[in-house]
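**Student:** Same order as they appear, the protein sequences are chains A and B.
Letter 180 of the first sequence, counting from 1, is numbered 180 in my numbering, and no numbers are missing.
Throughout, my numbering is defined as the position within the second sequence, counted from one, plus 1000.
If you're looking for bench data, these hints aren't it; they were derived computationally from the structure.
There's no promise every hint is true.
Computed spacing ranges between beta-carbons, pair by pair [unchecked claim]:
(1) B:Ser1109 x A:Asp150: 45 to 51 Å
(2) B:Gly1114 x A:Leu160: 25 to 31 Å
(3) A:Lys21 x B:Ala1102: 34 to 40 Å
(4) A:Glu180 x B:Ile1018: 34 to 40 Å
(5) A:Ser144 x B:Leu1013: 42 to 48 Å
(6) A:Glu22 x B:Glu1060: 27 to 33 Å
(7) B:Ser1014 x A:Asp121: 44 to 50 Å
(8) A:Gln105 x B:Glu1036: 47 to 53 Å
(9) A:Leu160 x B:Glu1091: 27 to 33 Å
(10) B:Glu1068 x A:Glu58: 35 to 41 Å
Below 27 Å or equal to it, Euclidean Cα-Cα: the simulated DSS-like pairs (lysine-lysine) are [what the hints assert, rightly or not]:
(11) A:Lys72 x B:Lys1074
(12) A:Lys91 x B:Lys1082
(13) B:Lys1032 x A:Lys72
(14) B:Lys1002 x B:Lys1041
(15) B:Lys1082 x B:Lys1110
(16) B:Lys1118 x B:Lys1093
(17) B:Lys1118 x B:Lys1041
(18) A:Lys21 x B:Lys1074
(19) B:Lys1003 x B:Lys1032
(20) B:Lys1065 x A:Lys72
(21) A:Lys71 x B:Lys1032
(22) B:Lys1093 x A:Lys21
(23) A:Lys91 x A:Lys129
Calculated from the model, a selection of chain B residues having no Cβ within reach of chain A, i.e. all distances over 10 Å [said to hold, decoys possible]:
(24) Leu1009
(25) Asn1058
(26) Gln1104
(27) Lys1110
(28) Gly1114
(29) Met1128
(30) Ile1137
No residue lacks a Cβ here, since even glycine has one placed at the ideal position from N, Cα and C.
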Amino acid sequence: MNKLLSLVTFIICFGFTVEHKEFIERQGQVTFFSYTSVENIQATNNQVLSLFNPTTSEIAVSILMRAFVFKKSLMHEHFNESYIESDLYPKATFNGSIIDFDPDQKETQTRIIKGDFTLKDRTKPIEIKAKITRTDIGYTIEGSLDVLIDDYSINVPSLLSPNISKKIEVSFNFNYAPYEE
Amino acid sequence: MKKRIKYGLFLLLSLVCICFLLKYLIFDREMKETQEIQTYKAFHANQLLLESNHKNLNLESLIEKAIEIEGEIKEIVYKHHKYSLLIKGNENKFYILCEMQADQNSKISKLKPGENVKLKGILKGFLMDIILLNCIILDKEIYE
């Protein structure tokens, strides 16, 4: 009886002190910039999904390509129909983990995230420098990276090649909250 | 001779004007507002979530189309200088995420979680939730 009582007490105590294992961001922001002397192109996606497990340092990101918002409708059309072919490849994904991450550190940590980025069915290993901060409810992760369009078979017609940079600057900002399953 | 020069100048000016007009019409065209786009199909939030979850509905055929949804607001989020409404069905696992068009801000301030709302937005696809952008509020009775 005593054993049973201790077990119940342990479960109750443990249940109240257990920390969330996974954190979710349903509306992360990813912005990309293409700078050329002819034209500057910028698009933002505010609906990026990401899951983060601070215990294992693993991070997964899923980006819906059609959710990028452009200023001009022709840019949106070219991006989805010609460059990314969103009908065939609707999502870009990233799976990786943060190197030397300390989930308990309260100060902002600058760390390298290593993982695989998949765009248009082409997967490349990448390393991203990111800032990770603990918040009241979870974590924020922000950073930037350069994506080479040749690495992901993005074909730009020769007529438009002066308008599109070969190196696309991508920045991201995720605010994670506990994932209630 | 003077007449020829005048004619030539007129032709050149006309060409320049046409070029600018074409640039404006083709290259500088801004994204359409949802109010200007015709509704393709209307759903109840629960029906859309349930059918897409059970693969009864081919969501791909609705992508980039304007759809109407009616359902209960789970959450109103203000993030990245934009409002979004999270619309729930009967299940509390997946939602419809509607990023609102900027001109809807004053209407959103009158909404509360738990209320029913009718929205129209452009379906972009789905990740964990179904994602609609440029959403507008259709339920006028509340505001008039």
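**Student:** It remains to establish, for every hint, whether it holds in the given structure.
**Tutor:** Status of each hint after checking the structure:
Our hint of 45 to 51 Å for serine 1109 (chain B) and aspartate 150 (chain A) holds, since their Cβ atoms are close to 47 Å apart. Taking the beta carbon of each, glycine 1114 (chain B) and leucine 160 (chain A) are about 49 Å apart, not inside 25 to 31 Å as hinted. Checked against the hint of 34 to 40 Å, the C-beta distance between lysine 21 (chain A) and alanine 1102 (chain B) comes to roughly 37 Å, which is consistent with it. Remark: the range hint 34 to 40 Å for glutamate 180 (chain A) to isoleucine 1018 (chain B) is contradicted by a beta-carbon distance near 59 Å.
For serine 144 (chain A) paired with leucine 1013 (chain B), a C-beta distance near 46 Å keeps the hint of 42 to 48 Å intact. A hinted range of 27 to 33 Å holds for the C-beta pair glutamate 22 (chain A) and glutamate 1060 (chain B), which are about 29 Å apart. Range check, serine 1014 (chain B) to aspartate 121 (chain A): about 48 Å between beta-carbon atoms, so the 44 to 50 Å window is met. Between glutamine 105 (chain A) and glutamate 1036 (chain B), the C-beta spacing of about 50 Å keeps the proposed range 47 to 53 Å intact.
Between leucine 160 (chain A) and glutamate 1091 (chain B) the CB atoms are about 44 Å apart, so this pair departs from the stated range of 27 to 33 Å. Restraint check, glutamate 1068 (chain B) to glutamate 58 (chain A): a C-beta distance of roughly 39 Å satisfies the suggested window 35 to 41 Å. Between the alpha carbons of lysine 72 (chain A) and lysine 1074 (chain B) the distance comes to roughly 32 Å, so the proposed pair goes past 27 Å and is violated. A threshold of 27 Å between alpha carbons decides the hint, and for lysine 91 (chain A) with lysine 1082 (chain B) the separation of about 23 Å falls inside it, so the pair holds.
Between lysine 1032 (chain B) and lysine 72 (chain A) the CA atoms are separated by roughly 10 Å; this keeps the pair inside 27 Å, and the hint holds. A C-alpha spacing of about 62 Å is found between lysine 1002 (chain B) and lysine 1041 (chain B), which places the hinted pair above 27 Å, so the restraint is violated. Between lysine 1082 (chain B) and lysine 1110 (chain B), the direct Cα distance comes to roughly 16 Å. Compliance with the 27 Å bound is thereby established for this hinted pair. Of the pairs offered as hints, the one joining lysine 1118 (chain B) and lysine 1093 (chain B) holds, with about 21 Å between alpha carbons and a cut-off of 27 Å not exceeded.
A distance of roughly 13 Å separates the Cα atoms of lysine 1118 (chain B) and lysine 1041 (chain B); the hinted pair therefore holds under the 27 Å criterion. Simply put, lysine 21 (chain A) and lysine 1074 (chain B) have alpha-carbon atoms about 24 Å apart, close enough for the 27 Å limit, and the pair holds. Between the alpha carbons of lysine 1003 (chain B) and lysine 1032 (chain B) the distance comes to roughly 45 Å, so the proposed pair goes past 27 Å and is violated. For the hint linking lysine 1065 (chain B) to lysine 72 (chain A), the alpha-carbon distance of about 18 Å falls within 27 Å, and the restraint holds.
The suggested pairing of lysine 71 (chain A) with lysine 1032 (chain B) holds, with an alpha-carbon distance near 11 Å, which does not exceed 27 Å. Between lysine 1093 (chain B) and lysine 21 (chain A) the CA atoms are separated by roughly 17 Å; this keeps the pair inside 27 Å, and the hint holds. For the suggested pair lysine 91 (chain A) and lysine 129 (chain A), the alpha carbons sit about 23 Å apart, so the restraint of at most 27 Å is met. Distance to chain A confirms leucine 1009 (chain B) as a non-interface residue, since its nearest Cβ pair spans about 29 Å, more than 10 Å.
With a least beta-carbon separation of about 13 Å from chain A, asparagine 1058 (chain B) lies farther than 10 Å from that chain, consistent with its non-interface assignment. Against the 10 Å criterion, glutamine 1104 (chain B) stays outside the reach of chain A, whose nearest CB is about 15 Å from its own CB. Even its closest Cβ contact with chain A, about 22 Å, leaves lysine 1110 (chain B) beyond 10 Å, as expected for a residue assigned away from the interface. Chain A leaves glycine 1114 (chain B) outside its interface by the beta-carbon criterion, the shortest separation being 18 Å against a cut-off of 10 Å.
Distance check for methionine 1128 (chain B) against chain A: the nearest CB is about 5 Å away, which does not clear 10 Å, and the non-interface claim fails. Every beta carbon of chain A lies more than 10 Å from that of isoleucine 1137 (chain B), the smallest distance being close to 19 Å; the non-interface claim holds.
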